[in-house]
Amino acid sequence: MVQSNLNLNLKHSSTISLADVSLQTWCVVKFINAGIKATSRLTGLGITPGVRIKKLSQAPFRGPVQIEVRNTRLAIGQGLARKIIVEIENIKK
Amino acid sequence: MKTEKQEIKTIRIALAGQPNVGKSVIFNTITGLSQVIGNWPGKTVAKAEGTARFHNYIFKIIDLPGIYSLSTYSLEEIVSRDYILNEKPDYLINVIDSTHLERNLFFTLQLSMLNVPMIISLNQIDLLEERGYKIDYSKLEKILKFPTIPAIAVHNRGVHEILEKIIEIEEQKRKNKEKEENQDKSIKYQENIEKKQNRVNKIEDLFIRKSNKYDIKLGKEIEEQLIKIIQRFPSDLNKGNYPSKFLALKLLENDDESIRYLRELNPNSKNIIDRLIYLVGELRQNLEEIHGEQITTIINAEFYNIASQIVENVLVIEKRSRKTKWSYIFDHITLGNVSGYIIFFGLMLGIYFLVFRFGDWISGLMDTLYEIWTPKAENWMDPSSWWYKIIWIGIMGGLFAGVGGVLPYVIPFFLIIEILQDTGYLPRAAYLMDRFMHHIGVHGKTIIPILIGFGCNVPAVSAAMIMETEREKKRAILVSSMIPCSAVTTIVLGLVAKYMGFLWAVVLYIINFGVIILIGRILTRLDKSHAMDSELIIELHEFRTPNFQVILKQTWARSKEFVVMALPLIVILGIILQILMEFNLTAPINAVLYPISVIILGLPVEVGVYLFYGVLRKELNLVLLEMFVASQGLTMVQFMNPLQMLTFTLVTMLYIPCLATIITIKKETGWKFALQVMFLELGIALIFGGIMHGIGAIISILF
Numbered sequence: 001m002v003q004s005n006l007n008l009n010l011k012h013s014s015t016i017s018l019a020d021v022s023l024q025t026w027c028v029v030k031f032i033n034a035g036i037k038a039t040s041r042l043t044g045l046g047i048t049p050g051v052r053i054k055k056l057s058q059a060p061f062r063g064p065v066q067i068e069v070r071n072t073r074l075a076i077g078q079g080l081a082r083k084i085i086v087e088i089e090n091i092k093k
Numbered sequence: 094m095k096t097e098k099q100e101i102k103t104i105r106i107a108l109a110g111q112p113n114v115g116k117s118v119i120f121n122t123i124t125g126l127s128q129v130i131g132n133w134p135g136k137t138v139a140k141a142e143g144t145a146r147f148h149n150y151i152f153k154i155i156d157l158p159g160i161y162s163l164s165t166y167s168l169e170e171i172v173s174r175d176y177i178l179n180e181k182p183d184y185l186i187n188v189i190d191s192t193h194l195e196r197n198l199f200f201t202l203q204l205s206m207l208n209v210p211m212i213i214s215l216n217q218i219d220l221l222e223e224r225g226y227k228i229d230y231s232k233l234e235k236i237l238k239f240p241t242i243p244a245i246a247v248h249n250r251g252v253h254e255i256l257e258k259i260i261e262i263e264e265q266k267r268k269n270k271e272k273e274e275n276q277d278k279s280i281k282y283q284e285n286i287e288k289k290q291n292r293v294n295k296i297e298d299l300f301i302r303k304s305n306k307y308d309i310k311l312g313k314e315i316e317e318q319l320i321k322i323i324q325r326f327p328s329d330l331n332k333g334n335y336p337s338k339f340l341a342l343k344l345l346e347n348d349d350e351s352i353r354y355l356r357e358l359n360p361n362s363k364n365i366i367d368r369l370i371y372l373v374g375e376l377r378q379n380l381e382e383i384h385g386e387q388i389t390t391i392i393n394a395e396f397y398n399i400a401s402q403i404v405e406n407v408l409v410i411e412k413r414s415r416k417t418k419w420s421y422i423f424d425h426i427t428l429g430n431v432s433g434y435i436i437f438f439g440l441m442l443g444i445y446f447l448v449f450r451f452g453d454w455i456s457g458l459m460d461t462l463y464e465i466w467t468p469k470a471e472n473w474m475d476p477s478s479w480w481y482k483i484i485w486i487g488i489m490g491g492l493f494a495g496v497g498g499v500l501p502y503v504i505p506f507f508l509i510i511e512i513l514q515d516t517g518y519l520p521r522a523a524y525l526m527d528r529f530m531h532h533i534g535v536h537g538k539t540i541i542p543i544l545i546g547f548g549c550n551v552p553a554v555s556a557a558m559i560m561e562t563e564r565e566k567k568r569a570i571l572v573s574s575m576i577p578c579s580a581v582t583t584i585v586l587g588l589v590a591k592y593m594g595f596l597w598a599v600v601l602y603i604i605n606f607g608v609i610i611l612i613g614r615i616l617t618r619l620d621k622s623h624a625m626d627s628e629l630i631i632e633l634h635e636f637r638t639p640n641f642q643v644i645l646k647q648t649w650a651r652s653k654e655f656v657v658m659a660l661p662l663i664v665i666l667g668i669i670l671q672i673l674m675e676f677n678l679t680a681p682i683n684a685v686l687y688p689i690s691v692i693i694l695g696l697p698v699e700v701g702v703y704l705f706y707g708v709l710r711k712e713l714n715l716v717l718l719e720m721f722v723a724s725q726g727l728t729m730v731q732f733m734n735p736l737q738m739l740t741f742t743l744v745t746m747l748y749i750p751c752l753a754t755i756i757t758i759k760k761e762t763g764w765k766f767a768l769q770v771m772f773l774e775l776g777i778a779l780i781f782g783g784i785m786h787g788i789g790a791i792i793s794i795l796f
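Going line by line, the protein sequences match chains A and B. According to our numbering, the first sequence is numbered sequentially starting from 1. According to our numbering, the second sequence is numbered sequentially starting from 94.
Accuracy of the hints is not assured; some may be wrong.
SDA-like mimics (lysine to any residue), calculated; alpha carbons at most 20 Å apart, straight line [what the hints assert, rightly or not]: (1) A:K83 x B:Y421; (2) A:K83 x B:Q514; (3) A:K30 x B:K227; (4) A:K54 x B:Y421; (5) B:K227 x A:S22; (6) A:K30 x B:N398.
What follows is a set of in silico ranges between Cβ atoms, one per label pair, in the way DEER data are often shown [to be verified]: (7) A:E68 x B:H253: 31 to 37 Å; (8) B:F529 x A:R52: 30 to 36 Å; (9) B:I422 x A:R52: 52 to 58 Å; (10) A:N71 x B:Y592: 53 to 59 Å.
No lab work stands behind these hints: they were computed from the structure. Cβ atoms here follow ideal geometry from the backbone N, Cα and C, with glycine treated the same way.
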């Protein structure tokens, strides 16, 4: 019982929005919380649930983020990056 | 049959692929100069067509717009899909960037569902090898079942092989036709074998043979739903040009375009369609509940899943992947939080400095040439005759003004923009400027038409078409049509900077940008509902050494368009102006414009008609005014006071974009929006010109 709670907490705390991920960190996309259109465009460019992505840079004043996904690089506006929920990859891996 | 060898066969092929895969290079290589660049009928999407003759075949080639997928969220995607489905090209050439294999295959898999014979051009294999990878071509071909041809298009390798492959297939087809009977049996036999093979679940069995076509096998879960949907198609359903499976997939995806198409085709069976859509909706809901994702996410993930499996099977690591050092450094500093902006603004300033120095130099040469030739012309024709005025001052003067005053600025500018585009710098500018662009209600991509707008608003308006939605396109058009173009800059430099000092020129630019920001903010306030739509999604591809052949070709195409549109206009106007002067018709026009020119703006009454000419081409304002002032035996300083110069220039900067721009806006969006832009900008110019006149007047009273 206690253990399952702990797991749940851990899982909860490790999912954050792409905008909040620190630079050069690999993470796994959990889900995309955007509208149909934006979601379709993002998944069409390869940002599908389960894919590994790395945040490469972040433009100043809450500008867009630069990510690497499936061997390509994309710039995604801050507002949209907030809607991409990711889980930070286990460092041990 | 007649003498078969000489018979010429026409084959229609379409080039499809994602952006930046080298599609245009292949198109240019195949078609050479026989290209027609235009727009898709009724659409704001560029269309490039060309022909090529190869052996006994004539190839009619169409270059479809670069798109990432076959959804219908952008006009480019709709145009491409409609073309492939409705026009049914004989062959589809899918150009793939092998350095981004996975994402490109995602599109290839979608294209494969359209049931058009396809040939894959695996481009940029040299770049892939540079990075230490290799693709097992024969294995890829085995999996995809489409002929796959490796290519380095920029070095003209693997391009004509595509045509040769098509001819080979055509010849084979013709031979097969002759022994059609026998073939039939063998196909059946083959099918039997392949049915047995289907049980073996290997990546090689991704495509299974169905009658004489290959069919992609998606994941079990989705495949089952698709079969269910196809089974529920009413027997008399008119599917138009959609293959069953593709239609089923699109219905499952709830794709508006496909549903609309289906309803249009079956006008008399509304209830049946409604019922079908309802049933599909249930299946969709079921899937979405199981996965907890939107349907497009499930389907796109499925395609990516297959694509990544293929990549795993065909991509071979040769040596440790290492980026070339230079491109890595470039990459880092052009996107850096400090260095990125320094480079961006440095680059912009450098470009303008360069372009204007070069422009001034050529422009000066042209002026000298005109002055040298004037006495010679006067020897030929009587300077006081009307035909001297029309031919030498009107036509030749106009030509010299156009060739000397505009082209030396516009052509180098186009060249530089093309270089920036080809190297892959522009998306970086979009990344850097995104935050700022949000202040005027657009996202970072708008920086691309804006940058082009500094050279000329005409290509800028066309470039605004890279925006995704109608609203973004219109906003980008409005903003870029207010950017001071090179013609405006010649006025600012030639009048204000020349007679009043460079600082005042800077003041005018600041006012201009201030107005753009203000208008952007007001419009964003007005349609808040859409403000959330605008988010940047752009690919940042690696830096490339520019391909000068492609750059020169593009620059030439753009400049040609400009010359064809602008030069005749300048010449005709020059003639009209001379006629007006000859018959003393300028005075009545000036009288009509009096309330605007004198009362609101406080300019000399004679300026009126020149303001009107600036609508046709902005630099004519100054060019023709200078001609007039000189003919009165005055200098500019005697003719206008500093305040009038400022007001005159500001109004020219802000008011109605020039005729060529308006025509382009009309071409891209229609008359309604073109007129809206015209009147909005005219209003803005009068308001701010009036304010400037007012402030100036108050200051002059106070001091």
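Original post:
Is B:K227 close enough to A:S22, meaning Cα to Cα at most 20 Å?
Top reply: The hint is violated at about 33 Å.
Original post:
If you check the beta carbons of B:I422 and A:R52, does the distance land in 52 to 58 Å?
Top reply: At 26 Å between Cβs, range violated.
Subject >> Assessment of proposed distance window 30 to 36 Å (beta carbons of B:F529, A:R52) >> reply: holds (31 Å)
**OP:** Assess, step by step, whether the Cα of A:K30 is no farther than 20 Å from the Cα of B:N398, and give holds or violated.
**Re:** holds (16 Å)
Original post:
Given the proposed pairing of A:K83 with B:Y421, does the C-alpha separation stay at or below 20 Å?
Top reply: The hint is violated at about 29 Å.
**OP:** For the pair supplied as a hint, A:K30 and B:K227, confirm whether the alpha-carbon distance does not exceed 20 Å.
**Re:** violated (31 Å)
**OP:** Quickly compare the C-alpha distance for A:K83 and B:Q514 to 20 Å and report which way the hint goes.
**Re:** violated (30 Å)
**OP:** Take the C-alpha atoms of A:K54 and B:Y421, compute the straight-line distance between them, and say whether it is at most 20 Å.
**Re:** Holds, at roughly 17 Å.
**OP:** Can you let me know if the beta-carbon spacing of A:E68 and B:H253 is within 31 to 37 Å?
**Re:** At 35 Å between Cβs, range holds.
Original post:
Is 53 to 59 Å a correct range for the gap between the Cβ atoms of A:N71 and B:Y592?
Top reply: Between A:N71 and B:Y592, where Cβ atoms are some 57 Å apart, the hint holds.
The structure fails hints 1, 2, 3, 5, 9 (numbered hints given earlier, in ascending order).
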